[in-house]
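*Asks:* With the hints as extra help, turn the sequences into a complete structure.
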Amino acid sequence: MEMMPGEFLLGKLDDVARWAQSSSVWPLTMGLACCAIEMMSVQAPQYDIARLGSEVFRASPRQADLMIVSGRVAQKMGPIIKRLYDQMADPKWVISMGACASSGGVFDNYAIIQGVDTIVPVDVYVPGCPPTPDGLLYAITLIQQQIRQGGRGGILARA
Amino acid sequence: MKAPAAIPPPMGVDVVETTGNTMTLSLGPQHPSTHGVLQVVVEVSGETIERAEMEIGYLHTGIEKSAENLFWTQAQTVIERMDYLNPVGNALCYVLAAEQLLGVTERIPPRAQAIRVLMTELTRISSHCVWLGTHGIDLGAISAFWYIFDIRENVLDLVELAGGARMHPNYLRIGGVNGDVPEGYLAKLDELIAKFPQRMREMRSLLQNNPIWRDRTIDVGVVTPEDAIRWSLTGPALRASGIAYDVRKAFPYCGYDTYDFDVPVRTEGDAYARFLVRLDEMDQAMRIISQVRKRLDTPGPIMIDDPKIAPPAKETIALSMEALIHHFKLVSEGFRVPPGDVYQAIESPRGELAYYLVSNGNNRPYRVRTRPPSMYNLQALKQMAIGNLIADVVVMIGSLDPVFGEVDR
Amino acid sequence: MPSSQSPSIAGTALDPTSVRPPVADAEIVRVAPAEVRETLVRLKAEGCSMLLDVGAVDYLEREPRFDVVYHLLALPAVAASVAQIGTPRRVRVLAGVPGNATALPSVADLWPNADWAEREIFDLFGITFEGHPDLRRIQMPEDWQGYPLRKDYPLRGPAREATPRPAFALKSNVPAGTPPAGRVAAALQKQRERGPADDVVRDTGTGEKSST
Numbered sequence: 000m001e002m003m004p005g006e007f008l009l010g011k012l013d014d015v016a017r018w019a020q021s022s023s024v025w026p027l028t029m030g031l032a033c034c035a036i037e038m039m040s041v042q043a044p045q046y047d048i049a050r051l052g053s054e055v056f057r058a059s060p061r062q063a064d065l066m067i068v069s070g071r072v073a074q075k076m077g078p079i080i081k082r083l084y085d086q087m088a089d090p091k092w093v094i095s096m097g098a099c100a101s102s103g104g105v106f107d108n109y110a111i112i113q114g115v116d117t118i119v120p121v122d123v124y125v126p127g128c129p130p131t132p133d134g135l136l137y138a139i140t141l142i143q144q145q146i147r148q149g150g151r152g153g154i155l156a157r158a
Numbered sequence: 000m001k002a003p004a005a006i007p008p009p010m011g012v013d014v015v016e017t018t019g020n021t022m023t024l025s026l027g028p029q030h031p032s033t034h035g036v037l038q039v040v041v042e043v044s045g046e047t048i049e050r051a052e053m054e055i056g057y058l059h060t061g062i063e064k065s066a067e068n069l070f071w072t073q074a075q076t077v078i079e080r081m082d083y084l085n086p087v088g089n090a091l092c093y094v095l096a097a098e099q100l101l102g103v104t105e106r107i108p109p110r111a112q113a114i115r116v117l118m119t120e121l122t123r124i125s126s127h128c129v130w131l132g133t134h135g136i137d138l139g140a141i142s143a144f145w146y147i148f149d150i151r152e153n154v155l156d157l158v159e160l161a162g163g164a165r166m167h168p169n170y171l172r173i174g175g176v177n178g179d180v181p182e183g184y185l186a187k188l189d190e191l192i193a194k195f196p197q198r199m200r201e202m203r204s205l206l207q208n209n210p211i212w213r214d215r216t217i218d219v220g221v222v223t224p225e226d227a228i229r230w231s232l233t234g235p236a237l238r239a240s241g242i243a244y245d246v247r248k249a250f251p252y253c254g255y256d257t258y259d260f261d262v263p264v265r266t267e268g269d270a271y272a273r274f275l276v277r278l279d280e281m282d283q284a285m286r287i288i289s290q291v292r293k294r295l296d297t298p299g300p301i302m303i304d305d306p307k308i309a310p311p312a313k314e315t316i317a318l319s320m321e322a323l324i325h326h327f328k329l330v331s332e333g334f335r336v337p338p339g340d341v342y343q344a345i346e347s348p349r350g351e352l353a354y355y356l357v358s359n360g361n362n363r364p365y366r367v368r369t370r371p372p373s374m375y376n377l378q379a380l381k382q383m384a385i386g387n388l389i390a391d392v393v394v395m396i397g398s399l400d401p402v403f404g405e406v407d408r
Numbered sequence: 000m001p002s003s004q005s006p007s008i009a010g011t012a013l014d015p016t017s018v019r020p021p022v023a024d025a026e027i028v029r030v031a032p033a034e035v036r037e038t039l040v041r042l043k044a045e046g047c048s049m050l051l052d053v054g055a056v057d058y059l060e061r062e063p064r065f066d067v068v069y070h071l072l073a074l075p076a077v078a079a080s081v082a083q084i085g086t087p088r089r090v091r092v093l094a095g096v097p098g099n100a101t102a103l104p105s106v107a108d109l110w111p112n113a114d115w116a117e118r119e120i121f122d123l124f125g126i127t128f129e130g131h132p133d134l135r136r137i138q139m140p141e142d143w144q145g146y147p148l149r150k151d152y153p154l155r156g157p158a159r160e161a162t163p164r165p166a167f168a169l170k171s172n173v174p175a176g177t178p179p180a181g182r183v184a185a186a187l188q189k190q191r192e193r194g195p196a197d198d199v200v201r202d203t204g205t206g207e208k209s210s211t
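Protein chains in written order, with numbering that gives the first Met the number 0: chain A, 0 to 158; chain B, 0 to 408; chain C, 0 to 211.
Take the hints with a grain of salt, since some may be wrong.
To be verified - To spell it out: a stretch of chain C is covered by chain B in this simulated footprint if at least three of its residues, at any positions, have a beta carbon under 8 Å from a beta carbon of chain B; those stretches are: (1) 17–25; (2) 38–45; (3) 52–66; (4) 182–194.
Hints were generated in silico from the structure; no laboratory data involved. Values in this document were obtained by computation on a predicted structure and should not be read as measured data. Think of the CB as a built atom: it goes at the ideal place given N, C-alpha and C, for glycine as much as any other residue.
*Replies:* Right, here's the structure in full:
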């Protein structure tokens, strides 16, 4: 199958766009509990998430494209996470950081939602209680891989 | 998430006459500077707050209920996750309370007590580092965050080396600690003790005499001693108002009465005073750590020698029938704690952390009621915020240093 | 194996607070619900200036069913040094609240920090406090049914308790029992066609293991 010159150029543009997207993933500060402290350590100089492109963590969901759910999700907090996810603009990705966000963790009880993926679609799960900052950095690189391979994230990528 | 239809009048607060021309604003629970999931609903007239009410519960985890369904040693894992900046402290308070009920407090080996004090003070330093870094970010002093978290990494390295994890090491046990410090640990500890004064000087130089920092924290959130008692403030917030109540001095535990340290106190009661008190506390914590370091030179057991509580050494399980049986019983059923109730308090970086622990003779805790210092410290905000600007609320929350894992449990 | 799945061993004390361990942590005062307020007012006048905590315990098999526990500390309300504070007095006031009359007078006017503590007891145990300015749920959502920390409330909550717990707690977006599809099904099919690997120990069914 031959590619027309126009398609070749568009293909290249797509790659450039994905490279740009993956190199500047800005997370939303969704720090809930202990994992949030490890997320802060990831921003700190020893682990330094800025070298992967996440230069700033935005507090407003309108300005962020990655939601790192770091911590246990209580019953009251569930609707708020959904609302914040809806407020984020496409394309958007979600990392479920830690055992509590991934599956309820050590808290198999009435108060904790057993996995944030019951509320929002998750792209990468990070195990650990809390995961070391290296784990979160690896998750960010996985997200970058997903972006470069064409997963645009958000509603459009989910059939 | 929605502001309540009418904010009920806060209890115990002198209600000012509202100007009538107010707007109700909700800060949080998603907000960069509420230190976690807190919702502050304020009624403002312009920028001045006329009334403030807080909604908590966004991190309610049911830890107390979970602990009632786990063995005594297992319950420690969930309890450690309450105040997540001070996991070793939560564990310490819990094991001390359980040891009181077991009646073995006197039999805990001195080396175990020393290691417990070491871990607790290291955690105090790392907790104050997080407080200062985030307090700085809230006020715009972002450079402070970078320097301070670097110090915190050095401290966490030591916690990880002995305990196995940076946060929630689950290193303490009812009866002692889980394993001695590894080889080479004391040398690394010496390195930290040697370079800490220089790092503290750096930390102080960043903020202590910074005119912007002083402008934003001096005379903000003043708490008089009477109010501090009424609102049950404890910890640095109480000591910054002049009342030198420190659980380590008033009700010593773990041999704190054998260490030489001061309790920093200020009388101004504002955010700057709380800032200075916590910085001084970091210095005092390192002073205690140097004294512990000397005691760690003498070897000794690190776990009580009671086979009903302490699991046998791994090497003996293959050789001794009794060891095998004890190990099996401890793992499958846990041990039982005699019935009774106890109130055990420790000095956490936030104040008096205490557990009211009830046992009914079973192999699980019957009730672990937590006295969370952050929850009581935070309530004072209802009064402190009145008459101040919204920007000051951020300063006040930071200076009270709440941790929501503890407030909501 | 999670401990919540194994039966708990029967306890030996219906009323742990009547068994005093040899621990001198506070003065203990047990009062009836009607005397709670006057006892606390008296203790406050005697110098127990700080209400450290109000908590509750559910003793399901005891009458009265609940204990509401007040922890008091006597601290001076003026600037004081460590030596002046010394060892302050601690008092623990326990009020037995019966299961069919779960109400107590509120002390939020004596100590303003009792506000949230009493709301939490109401939220998690269902004990109402008369005279509290704003008694509503604090930890659970406003419309939550039931009082979670009561002993007869299931750990996982009534909704989840009714559903069976998966034997292997593998979290997946795909419901359990869904047959494999796509690449996974193709790989399984290929494996079936290939047959078992050479070094697998096969159970021939005659009671002896063989490996070829």
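*Asks:* Indicate, hint by hint, whether the structure satisfies it.
*Replies:* Hints, verified against the model:
Beta-carbon proximity to chain B at under 8 Å applies to 7 residues in the stretch 17–25 of chain C; the threshold of 3 is reached and the given coverage holds. Note: the stretch 38–45 of chain C has 0 residues with beta-carbon separation from chain B under 8 Å; the three-residue rule is not met and the coverage is violated. Interface restraint, the stretch 52–66 of chain C with chain B: holds (5 residues with C-beta to C-beta distance below 8 Å; minimum three). Chain B is given as covering the stretch 182–194 of chain C, and this is violated because 0 residues of the stretch bring a CB closer than 8 Å to a CB of that chain, at least three being needed.
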